[in-house]
Amino acid sequence: MLKLIWSRLPGGVILKSVQILILIAIIAIICHFWLFPAISAYINQAGV
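Just so we're aligned: 38 in this note's numbering is position 21 of the sequence shown, and the numbers increase by one with no gaps anywhere.
It is worth saying that the hints were derived from the structure and are not from the lab. Check each hint, because a few of them may be wrong.
Claimed, not checked - Each pair of labels, with its calculated beta carbon distance range:
#, residue 1, residue 2, range
1, G29, N61, 40 to 50 Å
2, I31, N61, 25 to 35 Å
3, G64, V30, 28 to 38 Å
4, Q62, G29, 45 to 55 Å
5, A63, I43, 42 to 52 Å
6, F50, K20, 44 to 54 Å
7, I31, Q62, 43 to 53 Å
8, V35, A55, 43 to 53 Å
9, N61, L38, 30 to 40 Å
The structure displayed is predicted, hence computed values, not measured ones. All C-beta atoms, glycine included, are put in the ideal place defined by N, C-alpha and C.
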């Protein structure tokens with residue numbers, strides 16, 4: 018299914034932008050679930 022969509026895309030520009038978007042999404046998810054709780058826990062420790 019995905020290969021059909023990817024093969025229909027014209028040129029490598031769209032492919033590159035899609036890869037960059039996926040990369041940004043992964044980084045955002047990692048930051049949301051790992052970095053933010055760690056920072057808030059550190060702030061809570063510092064506050065106490």
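Unmet hints by their number, sorted upward, for this structure: 2, 3, 5, 6 and 8
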